[in-house]
Amino acid sequence: MSRLHRFRADLLALLAILLLALLWFAPVLLPGLTRATLLPYDNLYTFEPWQSLQPGLIPHNNLLSDLVLQNAVWKQHIRETLAAGEIPLWNPKSFTGIPFLAGGQASTFYPLNILFYVLPLEVAYGWFTALQVAIAGACMYVFGRVLRLRVLAALFGAVVYMFSGFLVVSVVFTMFVAAVPWLPLVLAVIEYIVRKQEEKGNRSFQPIPYVAAGAAVIGLVVLAGHPELIYYTLIVAGAYTFVRLIAAYFRIRRQSQQPSPFVRILKLAGWLLTMAVAGVALGAVQLIPLVELLPLNFREGSASLEQVLGWAWPSRHVLTFALPNIFGNPSHHQWFDIWARTWTPATVNALGETNHTIFWGIKNYVEGGNYLGIATWLLAGVALIAAVQVLWKRRSEIGDSRLGDREIERLGDAQAAANLQSPISQSPNRSISSLPTFFFASLAMLSLLFAFGTPLYALLYYGLPGWSQLHSPFRWVFPFTLSMAALGAIGLNVVLGWMERGARGEGRGEDKKRGRQGEGDSPIPNLQSPSSHSPTLPIAQSLTALLAFAGLAALLAVLASLFAPDPFVAFGERIVDGSDLAQMAFDGGRMFWSYQAANLAHFGVMSLLAGMLVWWGTRGEGKRGRGGEGESTISNLQSPISQSLNRLIALSLISLTVLDLFLAHGTFNPASDPALSPLSEQGVPPAVRFINEREGG
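Using the working numbering, the letters of the sequence shown correspond one by one to residues 24 to 720.
There's no promise every hint is true.
[Stated by the list, open to error] Simulated crosslink set (DMTMM-like; lysine to aspartate or glutamate; CA at most 25 Å straight-line):
{"hint": "1", "residue 1": "Lys116", "residue 2": "Glu716"}
{"hint": "2", "residue 1": "Lys219", "residue 2": "Asp33"}
{"hint": "3", "residue 1": "Lys386", "residue 2": "Glu323"}
{"hint": "4", "residue 1": "Lys386", "residue 2": "Asp603"}
{"hint": "5", "residue 1": "Lys116", "residue 2": "Glu718"}
{"hint": "6", "residue 1": "Lys386", "residue 2": "Asp600"}
{"hint": "7", "residue 1": "Lys386", "residue 2": "Glu376"}
{"hint": "8", "residue 1": "Lys290", "residue 2": "Glu214"}
{"hint": "9", "residue 1": "Lys116", "residue 2": "Glu704"}
{"hint": "10", "residue 1": "Lys116", "residue 2": "Glu103"}
{"hint": "11", "residue 1": "Lys116", "residue 2": "Asp89"}
{"hint": "12", "residue 1": "Lys386", "residue 2": "Glu251"}
{"hint": "13", "residue 1": "Lys386", "residue 2": "Glu596"}
{"hint": "14", "residue 1": "Lys290", "residue 2": "Glu222"}
{"hint": "15", "residue 1": "Lys116", "residue 2": "Glu315"}
{"hint": "16", "residue 1": "Lys386", "residue 2": "Asp610"}
{"hint": "17", "residue 1": "Lys116", "residue 2": "Glu71"}
{"hint": "18", "residue 1": "Lys386", "residue 2": "Glu329"}
{"hint": "19", "residue 1": "Lys386", "residue 2": "Asp89"}
Since the hints were derived computationally from the structure, they do not count as laboratory data.
Please construct the entire structure, taking both the sequences and the accompanying hints into account.
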């Protein structure tokens, strides 16, 4: 029971992650009851022979046809082949036949694919996706805890990663949903192994169990079968390993009086390389046929660097980080008329053509999905500000020193102490290094430079073997999403640290009192509790205030348009008249502004609430920092009220972010009627039924 109690908070967080994933995909988990499946059968009715069955049917999301035209057919082929006692090596149904197993993207050997082999496809797709999204959240949570983040901070990173725009819009590609979740867990294993060596110093360390665990995770990525995502996983894991080994070298050298730890670090690098090689070997049953097929790939030499850069995100796509649906959404078929206060279906565009979908983006929504929530950006900014302050102070042993009991008491209350005792995050190093912040900030920036098709992408195109076959710079949204989820979690951890300090009354007055009493050097600066006299807090508060005012300004603009519509409608007319894409999506300025008003209202509410919550979290620290010496008599342990308030603010930020992400793309994926299936009696076209009857007769 004592062991379970130590894990209680972590188990509750993991349970919350699972429940959130199941709730998100609840409509498609039980098609027999809800009459909804994740397979977009309604898309089939946009062309013959199904169109004649229901001529007026408008598909929920016509962009996701690959899920039913390709992926479901693959799964059905695997089921039929296995039922016949054969391995699905060949696909005779495409052209005159093509390699099937070697292609990899059917994820034939991926363990959770068992759901597709034992459940009806209409049921399996919903459960597979929900469980994989939950795994993504769980892996991100574990990584956060290994980084010593508080439970709620790690939970924030988990929900950002699992419900990110990238992962949710990638549901159409089940091989993506299979591979993407595991990268945070790979990084967690690397971090844990390196930290164990740091704790042991120059002594020998054989991380065999951890290497085996990491290899198993990498093997799962390989079995998912998407070569590009395997590449991304190995690149990010390799970069993180390189940075952590360098940091470990300098830390061990500072702590140890023994000879240089270079040999020890070199051996540790060998262990981590063994982990990667073993992981790839575990997926050899999928990887070897794939490698054999690659030289025959038509992509080899099929696109120049200039062409590939043309498929990157356009510069205007930067707006989608704050307004995810500013260029529309293929699942939007109606708009809210803010003046008539009614929902109006999209029927015709400005060119007089029939149009039922509101979308005018340059990149399609799946390739451009990148939304992470407003609070994520704010907290990532807080994390970076705090890390820059730590770097600026240039104190010895920044974030990597062992703290004494007095410092540990100062940094944590009873709840924080319980977090530190969790085996997931237990380590003599009680503070959070700024290293992860700078690593993920750098990775996020580099990912954006690649995704937007800057000339820097040439380093990949010409420098990495096989990269010229990858025609998708925008897929750097994968490491970008991971980085921002980590930065957001670190940022919330910073805010929680400030709130805890504020509740304990640790501010300038207390610092001055300790200085007069000659208690020694000031505590080691770290990301939980930056020095009260540093500029970090005012800058962070200014950032939160700026975001809140931006949200308020957006709401005021929407409100003003309600009472003075003419200038806003005229503005919409100018946009529509000046854009060919907008003319194909909107019928005029009234429709354009009404649609964008909803986007602005979304941004405004989320920005205002996120700014207020984070500002409130920093307010206690700032107030204590301005306090006098009398506040030093406050107990080191927070009052139950303060602890509850801290948890409430963190939970509010988590809930707000989940709501933010759901409003942005929560209904993007299909929920079509299983009766529309071409395998059902209702979904069989008359021509097909006639042929079947004739052949059967």
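Structure-based check of each hint:
1. Between the alpha carbons of Lys116 and Glu716 the distance comes to roughly 22 Å, so the proposed pair stays at or under 25 Å and holds.
2. Pair hint Lys219 plus Asp33 holds up; C-alpha atoms about 21 Å apart against a cutoff of 25 Å.
3. Our distance criterion of 25 Å between C-alpha atoms is met by Lys386 and Glu323, whose separation comes to about 23 Å.
4. Between the alpha carbons of Lys386 and Asp603 the distance comes to roughly 15 Å, so the proposed pair stays at or under 25 Å and holds.
5. In summary, the hint linking Lys116 to Glu718 is supported, as the alpha carbons are separated by about 19 Å, within the 25 Å threshold.
6. Annotation: proposed proximity of Lys386 to Asp600 holds, straight-line Cα distance about 20 Å (limit 25 Å).
7. Using a Cα cut-off of 25 Å, the hinted pair Lys386 and Glu376 holds, with the two alpha carbons roughly 22 Å apart.
8. For the hint linking Lys290 to Glu214, the alpha-carbon distance of about 16 Å falls within 25 Å, and the restraint holds.
9. Distance check on the hinted pair: Lys116 and Glu704 sit about 23 Å apart at the alpha-carbon level, within 25 Å; holds.
10. For the given pair, Lys116 sits about 13 Å from Glu103 by alpha-carbon distance, which is consistent with the 25 Å threshold.
11. With a C-alpha separation of about 16 Å, the suggested pairing of Lys116 with Asp89 holds against the 25 Å cut-off.
12. The hinted pair formed by Lys386 and Glu251 meets the criterion: a straight-line CA distance of about 19 Å does not exceed 25 Å.
13. With a C-alpha separation of about 23 Å, the suggested pairing of Lys386 with Glu596 holds against the 25 Å cut-off.
14. For the hint linking Lys290 to Glu222, the alpha-carbon distance of about 16 Å falls within 25 Å, and the restraint holds.
15. For the suggested pair Lys116 and Glu315, the alpha carbons sit about 22 Å apart, so the restraint of at most 25 Å is met.
16. Simply put, Lys386 and Asp610 have alpha-carbon atoms about 21 Å apart, close enough for the 25 Å limit, and the pair holds.
17. For the hint pairing Lys116 with Glu71, the CA-to-CA distance comes to about 19 Å; that is within 25 Å, so the pair holds.
18. Distance restraint check for Lys386 and Glu329: the Cα-Cα separation of roughly 17 Å lies within the 25 Å cut-off, and the hinted pair is therefore satisfied.
19. With a CA separation close to 17 Å, the supplied pair Lys386 and Asp89 stays within the 25 Å bound.
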